[in-house]
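Below, each chain spelled out in residue letters.
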Amino acid sequence: AQKVTQAQTEISVVEKEDVTLDCVYETRDTTYYLFWYKQPPSGELVFLIRRNSFDEQNEISGRYSWNFQKSTSSFNFTITASQVVDSAVYFCALSEESGANSKLTFGKGITLSVRP
Amino acid sequence: NAGVMQNPRHLVRRRGQEARLRCSPMKGHSHVYWYRQLPEEGLKFMVYLQKENIIDESGMPKERFSAEFPKEGPSILRIQQVVRGDSAAYFCASSPYLGDTQYFGPGTRLTVL
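Here the protein sequences come in this chain order: P and C. Following the numbering used here, the numbering of the first sequence begins with 1 at its first residue and continues without gaps. Following the numbering used here, the numbering of the second sequence begins with 117 at its first residue and continues without gaps.
If you are wondering where the hints come from, they were derived from the structure by calculation, not from laboratory data. Careful, some of the hints might be misleading.
Listed below are the simulated DSS-like cross-link pairs for lysine-lysine, each with C-alpha atoms no more than 25 Å apart in a straight line [as the list claims (entries may be wrong)]:
1. C/143 x C/187
2. C/187 x P/3
3. P/70 x P/16
4. P/108 x C/187
5. C/178 x P/3
6. P/38 x C/160
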């Protein structure tokens with residue numbers, strides 16, 4: 001069975017600090033996909049990134065970067081120079097390719113508060 | 117290209133009433149997923165549908181809950197005889213292909229009085 005663990009529940013930083021959100025996953029599949037979603041206070045779920053299991057290259061998008069390490073089953077997310085607008089709940093998720101359903105299994109989420 | 121649409125955004129029902137939640141996927145997306153977000157439990161998969169077919173409903177409670185995705189019109193999640201424990205945010209997501217990125221709607225917040 002697939003499982004996603006986000007051990008950090010709440011993180012509070014001051015604006016302009018860098019912050020890393022951890023994600024550890026478990027799966028028996030060799031082909032799978034990892035995701036990060038953001039849920040701001042308004043409540044919607046915003047897609048941030050999708051990464052397949054064969055692509056271990058780190059990715060950078062503006063102030064956001066992701067570090068995928070299969071050896072440690074981790075897919076960590078770093079926000080550089082955090083801003084107040086980054087305050088949200090961040091979810092890591094996993095889907096497996098096998099079977100007829102690519103449902104997402106979510107971690108419990110990390111609440112990030114960025115203080116001015 | 118409009119995003120995933122859900123309505124209503126907020127729904128209040130009294131115990132024993134029925135709740136109907138609607139989801140219109142993004143244009144060109146034929147795969148629809150429903151998830152429920154309960155306080156303290158996070159987001160949990162409920163059901164996966166393609167047009168006119170339920171593919172996987174392993175996450176749906178066995179009673180009172182049903183889902184459909186007809187050939188024409190939105191996907192519907194139906195909860196009969198609601199109880200207080202059904203109060204939650206219900207999210208719909210859609211994707212163009214199996215395994216592709218799922219894009220979420222804004223959610224329906226159901227409150228059962």
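Against the structure, the hints:
no. : hint          : in the structure
1   : C/143 x C/187 : holds, 14 Å
2   : C/187 x P/3   : violated, 34 Å
3   : P/70 x P/16   : violated, 30 Å
4   : P/108 x C/187 : violated, 34 Å
5   : C/178 x P/3   : holds, 23 Å
6   : P/38 x C/160  : holds, 16 Å
Violated hints, listed in ascending order, are 2, 3 and 4; each of the other numbered hints is respected by the structure.
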